[in-house]
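*Asks:* Each chain, letter by letter, is given below.
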Amino acid sequence: MAASQRDISVSEFFAKNRHLLGFDNPRKALLTAVKEAVDNSLDACEEAGIVPELWVHIETTAPNRFKVGVQDNGPGIVRKQIPLIFGKLLYGSKFHRLRMSRGQQGIGISAAGMYGMLTTGKPVKIVSKISPRKPAHYFEIQIDTKRNQPEIINGKGEGEDIPAGEKGARYIADHGIEWVSELNSGTRVTIELEGRFMRGRGSVDEYLEQTAIANPHVTIHYVDPDGTQTTFERSTTQLPPEPQEIKPHPYGIELGRLVTMLKDTPATTISQFLTTSFSRVSPSVAQKLCEAGKISTRSSPKRIGRHEAEALFQAIQTTKISAPATDCISPIGEALILKGLHHQVPGEFYSAATRPPAVYRGNPFLIEVGLAFGGASPAQKVSLDTLTELLSESDSRSVRQFLMTTFDGIGPTGAEKILSEAKLGPRQTPGKLSKEEITQLHAAMKNVNLTEGQTMQVLRYANRVPLLFQSAACAITQAVIGTNWRSYGLTQSRGQLPTGPITVMVHMASVWVPFTSESKEAIASYPEIMKDLRLALQAVGRKLSIYLNRRNRVKQEGERREIFLRYLGEVATAVASIKDYSERPKKDLYNRLLEVAKRKTSEADLLLESGSAKIESAAEEFGENVLIVEEQDGQENEQSLG
Amino acid sequence: MARKTNKASDKVTLTVKDKKTLGSIRGMADEVVQSAERGRAPHVDIPSRSLSNVRFNQSKRIIEMGSGSSRRELFNLSQARSYMQTLLVGSGCKQLIEQGKTTSIRGLFYLLKHTIEGTREETFDTQSECDPVIEDVEVALDAMREELHLYAKNAGAMVGPITLVDSGDEIDCARMGSGGYSIPSIVEPEIVQFKKNTAKFILHVEKDTVWRRFNEDKFWKQHNCILTHGGGQPPRGVRRMLHRLHHELNLPVYCLLDNDPWGYYIYSVIKQGSINLAYESRRMAIPHARFLGLRSNDYERCQLTPSVQIKLNDQDIKRARQIASYPWFANKKPWQKEIDLMLKNGFKLEVEALISKDISYVTEEFVPARLTEGVFLD
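Just so you know, the protein sequences line up as chains A and B, in that order. Just so you know, the first sequence maps onto residues 1 to 642 in the working numbering. Just so you know, the second sequence maps onto residues 1 to 378 in the working numbering.
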């Protein structure tokens with residue numbers, strides 16, 4: 001027994017437990033690989049102050065095998081670091097600091113490489129260039145899972161340099177890697193892995209689209225396995241303000257952590273310890289803490305005993321300390337949220353809210369919410385060709401299931417409606433539909449009014465990274481469900497997302513996002529986070545309800561007028577018959593009654609007019625950060641407020 | 001109203017009454033025209049036909065309508081449709097009067113029912129939607145139903161030693177066989193005139209079945225009376241006929257009704273008028289009508305068996321209490337006692353219950369005994 005006891009390497013652990021990192025099925029694996037590479041690239045660019053431009057290339061090499069290449073225009077990586085970053089798990093710059101970034105643990109990209117190696121046996125290929133004058137480095141790396149160490153395959157274990165110019169280009173072509181060569185610097189990682197390419201929910205397409213919403217400063221060039229090129233253009237060249245690294249805030253530090261910190265600190269006095277290890281603790285605050293904890297400010301941290309540590313801990317809880325610095329978090333900002341949402345999600349009403357930063361467990365965080373109302377559901381935008389393709393790729397057992405899993409906003413009732421409109425049986429296999437049936441289905445999807453059965457679409461983000469899986473376990477989803485949307489004029493069943501043509505994007509920015517697992521798919525529901533989520537959702541909800549009320553009022557007045565108009569003709573005819581009127585005076589009477597009816601329901605005309613005066617009144621009604629899109633004569637008319 | 005009006009072909013001479021009615025219908029239309037010219041919302045004021053707007057006139061002893069009215073507006077969501085219907089009924093009646101024709105209320109419903117142009121909506125969905133509007137027009141124009149050239153279906157029959165003239169035909173009510181003379185819904189003097197009468201009183205029974213018993217036993221011949229029934233709650237024609245017989249020929253009216261809340265209310269309607277048609281009370285109510293039976297104490301007096309009892313249900317009890325609290329019953333001790341006794345008994349009795357004693361018990365013993373006793377509820 002004792003003989004078989006031995007160390008477990010991190011890589012071995014994760015190779016066995018790859019589902020913890022998001023590599024549990026081939027479909028998700030492909031997405032996770034893209035996601036990790038994109039996250040790293042964006043972090044690198046932003047840290048270096050470069051406006052990011054990314055190239056994402058997915059290519060089919062064999063059935064169920066894909067070559068994923070992600071290149072950025074970032075600063076590049078110095079030669080020595082490349083093998084460690086891509087070939088060693090839990091190696092990184094982001095774990096030990098408190099600073100807002102997409103990556104956190106230093107697992108992601110190396111795990112993706114390891115997964116590729118496990119499933120295809122192919123090494124990870126990295127090209128990185130730090131300056132136009134210097135040669136680019138080229139590495140082919142494998143992970144030695146037993147030791148969690150990188151193993152360089154090419155150039156006799158040293159890697160190779162690609163010379164600049166034409167010679168280099170030929171070299172690149174020979175090695176089957178792509179390189180967008182006109183860049184001064186940048187990194188490209190190419191991983192070959194087993195996966196499945198699918199469209200619809202939880203796909204690479206969706207991930208990149210959502211990334212574009214939350215990162216309006218990023219341009220992504222995307223080539224999918226069919227060779228279709230899509231470019232998500234940036235809508236601003238301004239980088240988000242660079243987040244600052246901070247020390248932990250005293251609130252929410254646990255006792256055990258405090259004891260560890262006391263033990264490890266190089267500080268010689270308690271006062272010094274408090275001011276240097278924590279943010280927002282000035283000497284005077286430190287003195288207050290010591291007084292409250294009945295400790296001398298000059299006692300040595302090393303000699304603080306269990307009881308005194310506990311007293312200090314209590315003192316921290318009861319003393320008023322100002323909130324953590326906010327410059328460590330860079331929010332997307334309400335204006336850019338509106339821009340991003342409007343760019344990607346069609347709708348008629350947009351609103352956004354950014355909460356002031358708050359703290360959980362000593363980590364500052366910030367919640368932002370954007371809401372888009374109206375517009376067609378994604379199911380109604382899909383083209384016939386795309387639908388045909390989606391159907392042939394689907395692994396759903398029935399068309400009904402296909403509709404529900406592929407498109408956001410189609411619930412069981414919506415699917416039933418579409419199927420009955422298309423005259424298709426609910427159990428037909430998606431792949432076996434005839435051309436005619438597909439055309440019918442496509443027409444039905446366009447015609448059926450899905451607004452009623454549509455459920456709210458929730459886009460979740462953590463530090464600008466879209467979260468696509470495990471929505472039920474996520475604090476954001478729970479907060480959205482927990483919010484009473486009925487009071488904002490939407491319909492919602494208990495414990496369900498509200499229904500209606502609504503998209504809500506929620507962004508949590510923090511120096512440390514508390515994920516429920518290493519695959520970073522869901523945010524843990526700390527009470528402080530839940531509270532801020534709720535408040536932010538309520539802020540946009542209130543604005544939505546003002547908009548809906550106004551819209552309903554106009555609609556109701558319209559309906560009222562319609563009812564009156566319906567009876568006016570009858571009344572005029574009856575009066576004419578009693579008074580023996582001829583056609584002329586009857587017409588006059590009708591017109592006069594019509595005038596009265598119009599005046600009585602004048603609010604219905606609100607929608608018909610538009611002008612600068614209207615915008616002012618709307619601004620008064622809504623407050624700031626609202627975008628209303630009104631369609632007139634086919635052209636869009638935007639009113640941007642705040 | 002894209003209907004042909006063949007005014008030109010036949011000239012109809014209008015009576016004074018017709019001209020008056022036409023005038024008030026025009027007044028309703030004028031209001032619409034004037035409102036439209038002044039840019040105001042048209043409306044009709046309709047005296048309300050509810051318990052809250054009726055008053056018991058102590059000296060006349062009839063139910064009269066109060067002055068309360070409700071306004072019906074065209075530009076009010078919940079009233080727009082009924083406003084339109086009100087004017088339609090007005091125009092329909094105008095057409096009838098001008099052409100000198102009468103129709104049933106069901107006929108008017110069909111005359112006015114059509115699809116509203118450009119919609120799938122009908123002007124009237126059912127006759128039950130049309131009937132209250134007709135009554136509204138009656139009260140709003142202060143015109144009686146026959147003045148609007150409308151009638152209801154015949155209900156109720158009479159038989160007895162009286163000869164009358166109905167639309168020019170002489171009718172001897174003593175020779176009407178087993179069915180009797182069917183009382184039309186319009187019995188105004190223009191249509192029905194009394195010619196010869198030897199009857200001394202009127203016996204009004206609740207239903208056809210009881211009436212047949214009396215007719216078969218030739219009760220009216222032996223007792224020299226007019227025998228009528230109203231098929232349950234008597235319609236206007238029957239009430240108007242009773243009213244005219246009572247007032248013009250000085251015949252006292254005795255009622256033989258079931259011993260239940262509905263019987264009480266039928267008596268109440270005959271005597272002082274109904275809440276719904278309070279505006280008609282002055283030409284229909286018979287304050288001197290008498291309640292002959294069945295009384296709550298008849299169960300013991302006639303020694304009936306328990307098998308003829310019908311248990312009072314909750315609705316009966318509720319209705320009985322309601323009737324007891326009507327102002328025209330509230331101050332009458334005998335009636336309060338009567339209703340209390342029924343509630344105490346816990347059962348109701350139908351007139352047919354007397355048949356359990358003997359088939360002709362009611363005609364040969366019960367009614368003659370009550371009439372000679374001369375004790376009635378008032």
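Just to be clear, a hint being listed does not mean it is correct.
Part of the chain A face toward chain B, derived, beta carbon under 7 Å [to be verified]:
| id | residue |
| --- | --- |
| 1 | Ile130 |
| 2 | Lys288 |
| 3 | Ala292 |
| 4 | Lys294 |
| 5 | Val554 |
| 6 | Gly558 |
| 7 | Leu565 |
| 8 | Tyr567 |
| 9 | Ile578 |
| 10 | Lys579 |
| 11 | Leu594 |
By construction, these hints were calculated from the structure, which means they are not laboratory data. Just so it is clear, CB atoms sit at the ideal spot from N, CA and C, and this is done for glycine as well.
*Asks:* Taking the least C-beta to C-beta distance, is A/Ala292 closer than 7 Å to chain B?
*Replies:* violated (66 Å)
*Asks:* Taking the closest Cβ pair, is A/Lys288 under 7 Å from chain B?
*Replies:* violated (66 Å)
*Asks:* Go through the hint on A/Ile130 and say holds or violated, using the shortest Cβ distance to chain B against 7 Å.
*Replies:* violated (74 Å)
*Asks:* Holds or violated: is the Cβ of A/Tyr567 closer than 7 Å to a Cβ in chain B?
*Replies:* holds (4 Å)
*Asks:* Using 7 Å as the Cβ threshold, decide whether A/Leu565 counts as touching chain B.
*Replies:* violated (9 Å)
*Asks:* Have a go at the A/Lys294 hint: is there a Cβ in chain B nearer than 7 Å to its own Cβ?
*Replies:* Since chain B brings no Cβ nearer than about 73 Å to A/Lys294, farther than 7 Å, the hint is violated.
*Asks:* Would the hint on A/Lys579 stand, with a C-beta cut-off of 7 Å toward chain B?
*Replies:* holds (5 Å)
*Asks:* Let's test the interface hint: is any C-beta of chain B closer than 7 Å to that of A/Leu594?
*Replies:* Hint on A/Leu594: violated, closest Cβ of chain B at ~9 Å, above 7 Å.
*Asks:* The hint names A/Ile578 as touching chain B; please verify it with the least Cβ-Cβ distance against 7 Å.
*Replies:* For A/Ile578, the interface hint holds, since the closest Cβ of chain B sits about 4 Å away, which is under 7 Å.
*Asks:* Holds or violated: is the Cβ of A/Val554 closer than 7 Å to a Cβ in chain B?
*Replies:* With a closest approach of 16 Å, the A/Val554 hint is violated.
*Asks:* Report holds or violated for the interface hint on A/Gly558, using the least CB-CB distance to chain B and a cut-off of 7 Å.
*Replies:* violated (13 Å)
In summary, the numbered hints that this structure violates are 1, 2, 3, 4, 5, 6, 7, 11.
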